[in-house]
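Novice: Chains as they are written, first to last, in the working numbering: chain A, 1 to 265; chain B, 1 to 238; chain C, 1 to 234.
Among the hints, erroneous ones may be present.
[As the list claims (entries may be wrong)] Here are some of the chain C residues that sit facing chain B, going by a computed Cβ distance under 10 Å: (1) 27; (2) 30; (3) 56; (4) 134; (5) 217; (6) 219.
[To be verified] Below 30 Å or equal to it, Euclidean Cα-Cα: the simulated BS3-like pairs (lysine-lysine) are: (7) 141(C) with 196(B); (8) 196(B) with 177(B); (9) 105(B) with 196(B); (10) 141(C) with 177(B); (11) 195(A) with 143(A).
Derived from the structure by calculation, the hints contain no laboratory data. Ideal Cβ positions, reconstructed from N, Cα and C, are used throughout, including at glycine.
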Amino acid sequence: MIRILACVLALTGTTVSAQTLKVAVTTSFHNSGLSDILLPAIAEDTGIEVQLLVVGTGQALRLGEAGDVDAILVHSRASEEAFIANGYGTHRREIMYNDFVFVGPNADPAAVADATSAADALTRIAQTEAIFVSRGDDSGTHKKELSLWDAADVARGGDWYRPVGAGMGAALNTAAGMDAYIIADRASWLNFGNKADLDLLFAGDPVLFNQYAYIPVDPALHPHVKNDVALALEDWLTGEHAAMLINGYTINGETLFTFNAQTGS
Amino acid sequence: MVTPILPLVMSGAVVKRRSKTLLGPVDLTISQSGFTIIMGPNGAGKTTLLRSLHGLERFAQGQQRWQVPLQEARRRQGFVFQSPIMLRRSVLENLIYPLRLRGTKRGRATALARDWAQRVGLDDALDHPAPQLSGGEKQKLALARALIPQPDIVFLDEPCANLDGRATREIETILQKANAAGTRIVMATHNIGQAKRLATDVVFLLNGQIAEQSPAHAFFNTPQTPQAAALLRGDIVE
Amino acid sequence: MGDIWEGISAGFWLVVTLDPDLVEITLMSLRVTVTATIVASCLALPFGAWLAIRRFRYRRFVIAVLNALMGLPPVVVGLIVYLMLSRSGPFGVLGLLFTPTAMIIAQVIIVTPLIASIAHQAIRDIWAEYHDLLISMSTSKWQRILTLIWDGRRALLTAALAGFGRAIGEVGAIMIVGGNIDHATRVLTTAIALETGKGDFSLALGLGFVLIGLAVTVNILIHAIGRTERDGKW
């Protein structure tokens, strides 16, 4: 068995450069397209080759707990703080934020476009029992959606409430197919190619802001993680070049992210 | 001087299949030289006896003993089945196969195989896939494949059962040459003419038991059992 | 309909212009699946042959388990391999998770039962034919296995190709253990899942064309091998 294993290793062995870093990020971050801008700049400035594992927040946290990645970049504050409290990460560093938006059929049967707040928008959807697609995958976006429902204090779970258990893109595809309402992060929505009859109907409520934070996995727990490289990446992510690229990233002329890292920590 | 593997002594051998006795009890000695023909009506146990002598059957009772250890004896004998089993390879590869099993170098094995192919008249078909040969060609190939490692003894189970006269004659010639060169032969046949042409002694089987065992001239001239006499007259023997 | 045609034509152009991403992803897919198929064949072909000629007490049980394993859900294999290779798992120290090697391991586990099962059936047929001859020639166990493998090579190649076909189109397991990392572990199927998720159907379709092309090629090969078998040539 060992011989076979060695054989496999010999067959597939690649020259992995010392400066690779595995980072688990959320689908919403990756779908924004920002990573395509940042990764080459990181490689050029620091020599670090960042390998992104694009997963839901729940899975990203699990990968960090198991030590399968060197750092995580997610957007679910309560989970992040629990992650640190349980000793899996060294610290949490806020990098940037974007926002969630309400997307729905352009006919807008629930008149979400006229809502005054996120809670009001959800109340309108629940009252008209318009079809609503929920991620239902324990991701950051899903957790955000659940917290919004709780804050709006309306009952969900009728026939019209459809948890699909899928990533942002797949959920948007589902919503497009069913002419349903859905809460998406702005970046995923703008980059989404299959909009069909969907439109952005409501945005701007401060509760919809979506804070991204970077957490290096604790080397005390997992000695093999590349903590020094993870810290080098953190320095870059909170630096000026990153600020410029993040604030300057637009899709169809719209700014997606706002850099808000505290520099000089 | 290599130790001879014969005589082969079979004593009290019984072969059963699903509690039905196919053969035995049989006491039989295969002497060092000669051309033994096994005769008998259908179902008398000719095939089972040959397979038993060759070691393909498990005995319910009894035993048999070669003059050398079993492993060595197994290597120094050959068998030709009634319907020849062709390896899915070329004629040449079929002939090389038994030599390679014994560790013969490939070059020498190929030379021997070409020689034997010529002897059995298959030298034009060396690269032909063996499973596509005609019935007579297959049987000649099977015979050559059994003889090529120069076994001390070869068992043949009605090798000419479905062949025309010419192929039968060719096979008989090959067998007589091999026999003359010192290969002990034990062969089952239905064909009385063939038996008369080849046999030095005859084993006559009836219902799984040896009814008669005599030198050839004695068997053909003065058969001891009415069934053997009937068979030789051409009557139906039950 | 508009979407479909747009996607198809865009995908078609990616293929004919040899888009670098498409080429890189396709090569990674081939590297992973070809390696996995070779490794799985090295394990499965002798095992299938051994199973066909060896009589032992639990043989029927083993064959039943093998046939059941053919239907193993790839996602479950992926999860188990993930748990094994995770830094917190028993083989974590090897650091194999999210590498092509991890994907190869998962695919080997998925296709080995399939190849072994097809090989077993093929070898069993040849063994029934050769049995008396090989016993008569007093072949050793290994000589028998090698003879059956050699003379059953067409059927065994077909088994390996069937394994390749299953592995190349598999997504569930390699998504979990490979992580679909760009330029590192991204293969055809995981890329299609990703691009579909982004609603970018043109690249997804282009990748899909390549995948379909590979599947068709494999099946043509299987068909051609079947023909040479019937013709008795080769």
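Novice: Which constraints among the numbered hints does this structure fail? Numbers only, ascending.
Specialist: 1, 2, 3, 5, 6, 7, 9, 10
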